[in-house]
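Peer 1: Take the given structure of chain U and dock chain A to it, following the hints.
Keeping their order, the protein sequence lines are chains U and A.
This note's numbering puts the first residue of the first sequence at 82, with every later residue one more than the last.
This note's numbering puts the first residue of the second sequence at 247, with every later residue one more than the last.
There may be inaccurate statements among the hints.
What the hints assert, rightly or not - Taking lysine-lysine and the DSSO-like style, the derived pairs with C-alpha atoms no more than 27 Å apart in a straight line are:
1. A:LYS303 - A:LYS315
2. A:LYS331 - U:LYS182
3. U:LYS269 - U:LYS183
4. U:LYS269 - A:LYS303
In case anyone wonders, no lab produced these hints; they're calculated from the structure.
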Amino acid sequence: MEELLKVFDKNALIVGFLAVGLLAYLSDLFSKKVLNGRIPGSAIAIFLGLVLGYVGGVFTGGDKGLSDIPIFRGVGVLGGSMFRDFAIVATALGASFLLIKKSGLLGLISLIFGILIFFVSGVAMAWLWGYRDAVSLATIGAGACTYIVGPVTGAALGASSEVIALSIAAGVLKTIAVTIFTPILAEKISLNDAGSAMAFGIMGTSSGVAAGLAATDPKLVPYGAVTATFYTGLGCLLCPSLLYYLIEILL
Amino acid sequence: MLIYGVALLSFSYLLGQWLGELLGKLIGINSNVGGVGFAMIILMLLKELFERKGWWKHEMISGIDFWNKMYIPVVIAMAASLNVKAAISSGNLAIVAGIIPVILAFAFFPFLMKAFKHN
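If we strip away everything but chain U, and leave its shape as in the complex, we get (with noise of 0.2 Å):
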């Protein structure tokens, strides 16, 4: 037992090849048998990541799901931000740059009123619950768009590390809403060609746009991953001097 501890420690990597490997394999399975197809594989192995991610910190108190588990620290590197990027990247294999550049004035309008509609309804939770200091206001809004836009804002403005904190579970919790959400309302709102996908960048969060996708329909995964890619940047620029700003002005 030791010894194969010692090869899983050694090898982090491929022990989280292997886990997710068997993650998707038993999701397929449930998804085929018990579902008839009904929910695709792919979105219940991502739902029960998260699911291994909860019970992952509930175990070790960590701050990386599944990943502060010694031997599912494979797992982390493999879902780091450097494989998700790559991964992503590679996705623009299947994409079309003539429907990119058709629907790239869609993607951009979208991307202003994600952010909009995000920091807005963000601040004005922050609100209800009795915050009434622009700073707080202003990072808890930002965290709504993002989970790396909140703390960005936050340090920024020199918002406490409570509302810091706080910003990040918002935009956690709106990836793990938008990642769920997606393949439920995907039919819904039409979200089924490369157009819609684009403006589907309105959601932000590129991980919960892409794996929100990904259990919708893979093909629509690099359109939306190219708009929601600038909404972060977009996010930082915006949240702590613009609507920043205004939200001083209001007070």
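Peer 2: Just chain A, lined up with the frame of chain U:
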């Protein structure tokens, strides 16, 4: 060769990320702006160029396609490494501020599509 495809993908990735960092610095924020998006566009442009030159070979494509197909497993691994517990247990405000805006955005999305199709 397979590695040519992987190398081309890596080249696009690094160049895109670099542009993203530069753009972030240019507009004065400490963050990468659209690095992944730039990388995707660079990869697509290189693909067009390679196709035109006749360099776009099957084996090279499979080097990129491997990572294209690894995308969903990577997302599963990412979901499993999120701080789900802290997010759920950090209070009602985090939950509300995380979820209500998503519902609003879903409700708004069809209007955006409709408005855009009219024009």
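Peer 1: Among all the numbered hints in the text so far, which are the ones the structure does not match?
Peer 2: Violated hints (numbers, rising): 2, 4; every other hint is consistent with the structure.
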